[in-house]
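Undergrad: Here is what each chain is made of, one letter per residue.
Number of protein chains: 2
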Amino acid sequence: MADSTFPQLGFNTVNRYKHQATYDTETIHTIINTTPVLHVSFVPDPTTPAPIILPMIGQMGLYPGNIAAGEIAWSCYLHGYVSSRLIRLAFDAVARGEEGLPLCLAATKVDGFVLSLTPNSHNYNYRSAVLHGFGVIVEDVDEKVWAMKLITDSVIPNRYENTRVPPDNAEMQSTRILKMWVSGASGKVREGVPEDEKKDLRRKDVLDRVWTGVVPVHERLGEPRPGPYNRVGEVPEHVRVFVEEENKRREGYAVEAAGKPAPPKRIKKEEN
Amino acid sequence: MADSTFPQLGFNTVNRYKHQATYDTETIHTIINTTPVLHVSFVPDPTTPAPIILPMIGQMGLYPGNIAAGEIAWSCYLHGYVSSRLIRLAFDAVARGEEGLPLCLAATKVDGFVLSLTPNSHNYNYRSAVLHGFGVIVEDVDEKVWAMKLITDSVIPNRYENTRVPPDNAEMQSTRILKMWVSGASGKVREGVPEDEKKDLRRKDVLDRVWTGVVPVHERLGEPRPGPYNRVGEVPEHVRVFVEEENKRREGYAVEAAGKPAPPKRIKKEEN
Numbered sequence: 001m002a003d004s005t006f007p008q009l010g011f012n013t014v015n016r017y018k019h020q021a022t023y024d025t026e027t028i029h030t031i032i033n034t035t036p037v038l039h040v041s042f043v044p045d046p047t048t049p050a051p052i053i054l055p056m057i058g059q060m061g062l063y064p065g066n067i068a069a070g071e072i073a074w075s076c077y078l079h080g081y082v083s084s085r086l087i088r089l090a091f092d093a094v095a096r097g098e099e100g101l102p103l104c105l106a107a108t109k110v111d112g113f114v115l116s117l118t119p120n121s122h123n124y125n126y127r128s129a130v131l132h133g134f135g136v137i138v139e140d141v142d143e144k145v146w147a148m149k150l151i152t153d154s155v156i157p158n159r160y161e162n163t164r165v166p167p168d169n170a171e172m173q174s175t176r177i178l179k180m181w182v183s184g185a186s187g188k189v190r191e192g193v194p195e196d197e198k199k200d201l202r203r204k205d206v207l208d209r210v211w212t213g214v215v216p217v218h219e220r221l222g223e224p225r226p227g228p229y230n231r232v233g234e235v236p237e238h239v240r241v242f243v244e245e246e247n248k249r250r251e252g253y254a255v256e257a258a259g260k261p262a263p264p265k266r267i268k269k270e271e272n
Numbered sequence: 001m002a003d004s005t006f007p008q009l010g011f012n013t014v015n016r017y018k019h020q021a022t023y024d025t026e027t028i029h030t031i032i033n034t035t036p037v038l039h040v041s042f043v044p045d046p047t048t049p050a051p052i053i054l055p056m057i058g059q060m061g062l063y064p065g066n067i068a069a070g071e072i073a074w075s076c077y078l079h080g081y082v083s084s085r086l087i088r089l090a091f092d093a094v095a096r097g098e099e100g101l102p103l104c105l106a107a108t109k110v111d112g113f114v115l116s117l118t119p120n121s122h123n124y125n126y127r128s129a130v131l132h133g134f135g136v137i138v139e140d141v142d143e144k145v146w147a148m149k150l151i152t153d154s155v156i157p158n159r160y161e162n163t164r165v166p167p168d169n170a171e172m173q174s175t176r177i178l179k180m181w182v183s184g185a186s187g188k189v190r191e192g193v194p195e196d197e198k199k200d201l202r203r204k205d206v207l208d209r210v211w212t213g214v215v216p217v218h219e220r221l222g223e224p225r226p227g228p229y230n231r232v233g234e235v236p237e238h239v240r241v242f243v244e245e246e247n248k249r250r251e252g253y254a255v256e257a258a259g260k261p262a263p264p265k266r267i268k269k270e271e272n
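Just so you know, the sequences run in chain order A and B.
Using UniProt numbering, you'd call the opening residue of the first sequence number 1 and step up by one each time.
Using UniProt numbering, you'd call the opening residue of the second sequence number 1 and step up by one each time.
Hints listed in this document are in silico derivations from the structure and should not be mistaken for laboratory results.
Hints should not be assumed to be uniformly reliable.
Where chains are identical, the list cannot tell them apart; a pair therefore holds if satisfied intra-copy or between any two copies.
Taking lysine to any residue and the SDA-like style, the derived pairs with C-alpha atoms no more than 25 Å apart in a straight line are [as the list claims (entries may be wrong)]:
| id | residue 1 | residue 2 |
| --- | --- | --- |
| 1 | 149 | 72 |
| 2 | 260 | 99 |
| 3 | 204 | 64 |
| 4 | 248 | 226 |
| 5 | 248 | 223 |
| 6 | 149 | 121 |
| 7 | 248 | 29 |
| 8 | 144 | 236 |
Construct all of the structure, not just a fragment, from the sequences and the given hints.
TA: Below you can see the structure in the form of structure tokens.
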């Protein structure tokens, strides 16, 4: 499945701290798929270079119906407030023979605060992914239902089948799915203990005074709270087990990242 | 201080779910100031409507030296990988007599998964803020040091004075601060229990089968772990107290949001 790497073209090449850069597809997909809100950017008026950003929820996916038709590349399926302006821009781009509306998508997860001797060497343990591509509105009904399930199950696995489905006509009409063809992608991962420069590591007065270490950070899921019209006695297994396992997994990642060796020395001024 | 509201111009007007929209300055500043990574978007090539997004760390601020000179509006001070391209674009815009490089900034915090009867009525409890404005590179040395302290202390309060400061010449040279003048801002806040449509609330078969409620979500700070060259015996108070108090505050917010009444009925199709 997602076992390849994204090609390194100009617009997805990470220019600095290259030891932290990743073009590994699985790593990038995982960052996107486990980030509850993605930020999607586009330019609403092509005559003015001013972008806007929308928070959306999304998942990487490869629709089986399209695989049969020869589609081999994963897209990002996005749901959220798709304005009539965004729909129009996407349709207009396709009508002009373009691949869709140019989009950029970002997902970032913070895994720890890295506290070092000087403000300049402070850092986060983090994972970030950026996709470049083109957005189109999904019109095929089966692909749309498939994407709705994909996105619902990204919040809590198997949630879709544990709700009132399928969507009725009004719901199908009011739901818009934006599909982002991916033309380029990059990611950055930082994990490990603090790192400082030699000039400070040599200073006994600084080492004796400044605490250095990592505060692990993770998104914690709390005790599920039934709502006012809930009639189901127990929290169902698909919710309960997910909350328990996710908390273990997320905390485990952050704590493990906090204890790893520092990444190789930064490569500075590697800009272009 | 930040007690006004942002003006509602075309580009910052929230078009849908208006009951969730906020233009309150304090709410918007708080969302930005408590989000560890902000996403900043700009258009690298004005002849192509394709934006890129950079993850950055930032804080709202009003530099006292500029207040004395009559500056009254808060800016967002940003730190991160400021590429030579970004610096050039910002300088070029100012040289052309513009306010700076057009930027859009987004911050989103997820406070809970809202699980309802149907996939379409699933939601998050969340807080998001979007700023529009113009980026310039901070050149004044005093303003730059002030911003470095502001940004360091945003990770852990009082961290700056508990490290080796002030920055030396090499650190001042290698650090770039991007200052974003804010021309417009908007926010969205959703909190509360699930809400479903009448057509589903009337269905006993659905109510008897589907669990509805909220899974509170918050970013949790773990036990601080000393790094390999740390020589300070105990975790210092500015770290320990912050971790304890933040966890209480963050968990408290998410749990309280999960139990609040549902927001007023959605206003649909209020697009423009």
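Undergrad: Find the hints from earlier in the document that the structure breaks and name them by number, from lowest to highest.
TA: Hint check: 2, 3, 8 fail, others pass.
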